[in-house]
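Engineer: Chain by chain, the residues:
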Amino acid sequence: MDFLRPASWEEALAAKAEHPTAVPIAGGTDVMVEINFDRRRPEYLMDLNRVADLYDWEVGEESVRLGASVPYSRIMEHLRAELPGLALASHTVASPQIRNRGGVGGNLGTASPAGDAHPALLAAGAEVEAESVRGARRIPIDDFYTGVKRNALAPDELIRAVHIKKADGPQQYSKVGTRNAMVIAVCAFGLALHPGTRTVRTGIGSAAPTPVRARTAEEFLRAALDEGGFWDNGKIIPPSVARRFADLCAAACNPIDDVRGTADYRRHAVGVMARRTLAWTWESYRGPGRVTEGAA
Amino acid sequence: MRPSEPSAASGQGGAPLGVPTKITQGSGTRGGIGESTLRPDGILKVTGEFAYSSDLWHEDMLWGQILRSPVAHAEIVSIDTGEALAVPGVYAVMTYDDLPADVKHYGLEIQDTPVLAHGRVRHHGEPVAIVAADHPETARRAAAKIEVAYRELPVVTDEASALAPDAVLVHEDRTDHHSHHVPHPNIVHRQPIVRGDVAGARRRADVIVEGEYTFGMQDQAFLGPESGLAVPEEDGGVHLYIATQWLHSDLRQIAPVLGLPEDKVRMTLAGVGGAFGGREDLSMQIHACLLALRTGRPVKIVYNRFESFFGHVHRHPAKLRYEHGATRDGRLTHVKCRIVLDGGAYASASPAVVGNASSLGIGPYVVDDVDIEAVALYTNNPPCGAMRGFGAVQACFAYEAQMDKLAKELGLDPVEFRQLNAMEQGTVMPTGQRVDSPAPVAELLRRVKAMPMPPERQWESSEGADVRQLPGGLSNTTHGEGVVRGVGYAVGIKNVGFSEGFDDYSTARVRMEVAGGEPVVTVHTAMAEVGQGGVTVHAQIARTELGVTRVTIHPADTRVGSAGSTSASRQTYVTGGAVRHACALVREKVLELGRRRFGSYHPAWATAELLLEGGKVVTDDGEALADLVDVLGDEAVEAEEEWRHRPTEPFDPRTGQGDGHVQYSFAAHRAVVEVDTELGLVKVVELACAQDVGKALNPLSVVGQIQGGTAQGLGMAVMEEILVDPRTAKVRNPSFTDYLIPTILDTPTIPVDVLELADGHAPYGLRGVGEAPTLSSTPAVLAAIRDATGLELNRTPVRPEHLTGTA
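These protein sequences, in sequence, are chains Z and S. -14 is the number of the first residue of the first sequence in the numbering used here; add one for each residue after it. 38 is the number of the first residue of the second sequence in the numbering used here; add one for each residue after it.
The set of hints was computed from the structure by calculation and includes no laboratory data. A couple of the hints might just be wrong.
As the list claims (entries may be wrong) - Calculated lysine to any residue pairs in the SDA-like style (CA-CA distance at most 25 Å, straight line):
| no. | chain 1 | residue 1 | chain 2 | residue 2 |
| --- | --- | --- | --- | --- |
| 1 | S | Lys356 | S | Pro202 |
| 2 | S | Lys182 | Z | Arg26 |
| 3 | S | Lys182 | Z | Gly213 |
| 4 | S | Lys182 | Z | Gln82 |
Said to hold, decoys possible - Just a sample of chain Z residues kept apart from chain S, beta carbon distances all over 12 Å, derived:
| no. | residue |
| --- | --- |
| 5 | Leu(-11) |
| 6 | Asn34 |
| 7 | His148 |
| 8 | Ser159 |
| 9 | Gly162 |
| 10 | Asn165 |
| 11 | Asp242 |
| 12 | Asp249 |
| 13 | Arg260 |
| 14 | Glu268 |
Ideal placement from N, C-alpha and C gives every residue a C-beta, glycine not left out.
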């Protein structure tokens, strides 16, 4: 196994073009586990730790450009207001040590359905900034996940950053694990209200071959909120609507039975999380500053 | 360069830092028994500086690697080591055919485990070949190049497949001492315990409840994976530095396989990163020695976590079927039970686990009419053996569920119902053994119930819900929705020490001399310090007995006689007893020396009861006769002797009658849980424990043991389980990614109430502490979850699926 250590982004792109099988590594919290377990043995490992600008972020007008290697602990600390869903998701990642090392770029590169960031990115709306010696492009998050641990990157491309829409309304993130901390998701759910466009977006993790949105549920809720004038009158969403939304989210799952949980449980739990996160976000939307406690 | 000496583990003693919590024995010597002196290795461990066995190093050492079976049951058609041997840097590849002696098997009680597989593998991960190379990665890659052709065989995975008419025999041609009395060769051992007249008692019962329970496979999940270093010696022998629970038991099994007399196999304890029973069996010991002797080079073997899951035995999973009867006024009439333990491919500690499960199978209750049967199976599942509280843990989960069921049926409070039937001193066990020391079962329940309850809705704060206090924790799954509190109680009984007629002794060598102008005591035993605190307690005993502050614990090795196993809650009792005994011998010798030298100066030398206190010889009135420094001069006084607790008897193979146990220990728990009933997630809010320890030699260590055992029981209740595929008998989750153990966020506050009712048969009246809290913790949590959810829950661990009907 050869170890590549590009000193700059340009060198990294050149190395990736020369060795398309090279596996990029930054925090190493995913790649090293795979290597240690002998699940993969890449021909080349490309260390991106010397590419300093991957650790930077910029808060723009519409979105945040988040460098691929910005650790989760930084997101929790500095981007809570702009990216509340992702900040909540970051909280659920492993342990403090791993949150200090791991970043969203790694989650996207691995594209595991269990990656904690994905539901938050899907719900917020995001674009992945990919680049190769051939040039840069932005891949909408909805098109990014193409299969189990597969993504839309070309073999010579690297992830430079992800552009995430700044929150224009409340966002929530929930994850089920069989332990109260440091646990891989049995399933996860992200929800973002977008009052600007009067839409809602969702993200489901670990309950399908890829991270997915519950599009039917989103459309149902958009229509129901519109119809009832809820965005304007701020009324409590009727339980029947919340239930239907939850059922449609559960129906968007295509889970499997595995050592972490059954398919039936995953479907069930996604429904419960959808209902609860809807209640929490809607409660925030109706009255800023209200406590979310007991909102369901 | 010498290998790192495990001096860190055994400690330099040093001044005791703990504040004395009580004055005992009128001892004038600080740091004696009853004080919470601190562990000599504590700071090193929490700062990461402690040298574990995996840190051992020898400059010209090789690295050993084991090739393990990828399937659970297969015939080995061929093994080709040619390609592996051709890898540059490889020094040796060995298979069964390369074993040097006639003895090729080992085992704790039944020598049924092949050192390397011979013609057949019986479980997933069984060692097939070993490699030594100059780099661990080279060894690993070479092992992968060994070509083994397997022809898979049908797997035996449970009682039905083990006892089916056409069942494959896991071990053919058994000749072990249990083989004659078992009903089927796939049963390792069977122990019935029959007492009284169950049929008659059954007729008196107003209420009968039945239950079938399933107990999952738990792992010890110790911190330090199996590791050690074997160094060949000039005389043709070998010196093994090893993390183990019992040096001499290892030695007895290792030497014959190497074809060496025991005195040519020297063993020194290396830093042990936890054990919990998982180091009672051999792991890499023989493999490292074989490779060292073959290559003439020191060989180190370190398992990684993945391999560790295959490298040691686990806790027996069990199916337990119970019938309990009671009269309307709440008196137990009878208990019938059948406990089926899955021992996996090799016997390990299965016979003893059966003995405990059966003899302790009805719990700490008075029942005159019982019909108990426990069996352990041979299957192709992973081998199971010792783990903290074995046998008693599985039974406690089931009988405590039954007690709750009965109480509910009778409309009685579950604690009062237990108290009504609680055993006490004088109670006769199902084995016919009369309990002849305090058995404060009702009192422990009373105490644990009387503790203040944790406040309701602790998660509420002015800024909303504190998710860390809620089920799901930081995963942010509830802000209070669906959360219901439940409370549950359980109590258990565990035996202390080795039972059933085993000659369970310890050896201690104690030496007193003057060094640096003051008296110094050295305590040398072969006790394995695995974290239990023997190094602390044995020094305390020496201080109390010999009145000397400076006590050094010598590194544990085989240059002194056996200290028995660090298991069965026995080391403070038995090796502690041996240390006390050796100290008494030393004291006599010191006084003899004193009489010779100073006897003529003071009549009290001849007439008074003399003690050693504060570095002096004193009369029982407290008058100082001489300084130990002067008594000893330049002489060293030493004593070494074996010490035994009172003997036990085997259980009758048909009736289970016999005074089989040395001592019993008791703990009770109250669990308070909050369950997210919609998502099936559990937060254990508090696990209160009351335990009788006879005498707390080190109160801080006692509380630590109780809290540790409680946490391990909690893990078994809500998350810890090795999942084995029932079709292939392969392990599905051999990693800490998917075998979950409690984090600090899962571990509740654990208030502990320590009761000290002396057992007159034991040194200082003490009672073994380590295991009892592991028993009742699990059923208490289960009872609390049942209380919160109203569900029956007849298996542990409970998973979210079981609480949401989605299993």
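Engineer: Next step is simple, just say for each hint if it's right about the structure.
Structural biologist: Cross-check of the supplied hints:
no. : hint                : verdict
1   : S:Lys356 / S:Pro202 : holds, 21 Å
2   : S:Lys182 / Z:Arg26  : holds, 16 Å
3   : S:Lys182 / Z:Gly213 : violated, 68 Å
4   : S:Lys182 / Z:Gln82  : violated, 36 Å
5   : Leu(-11)            : holds, 20 Å
6   : Asn34               : holds, 23 Å
7   : His148              : holds, 25 Å
8   : Ser159              : violated, 5 Å
9   : Gly162              : violated, 6 Å
10  : Asn165              : violated, 3 Å
11  : Asp242              : violated, 10 Å
12  : Asp249              : violated, 4 Å
13  : Arg260              : violated, 9 Å
14  : Glu268              : violated, 10 Å
Checked against the numbered hints above, the structure violates hints 3, 4, 8, 9, 10, 11, 12, 13 and 14; every other hint is satisfied.
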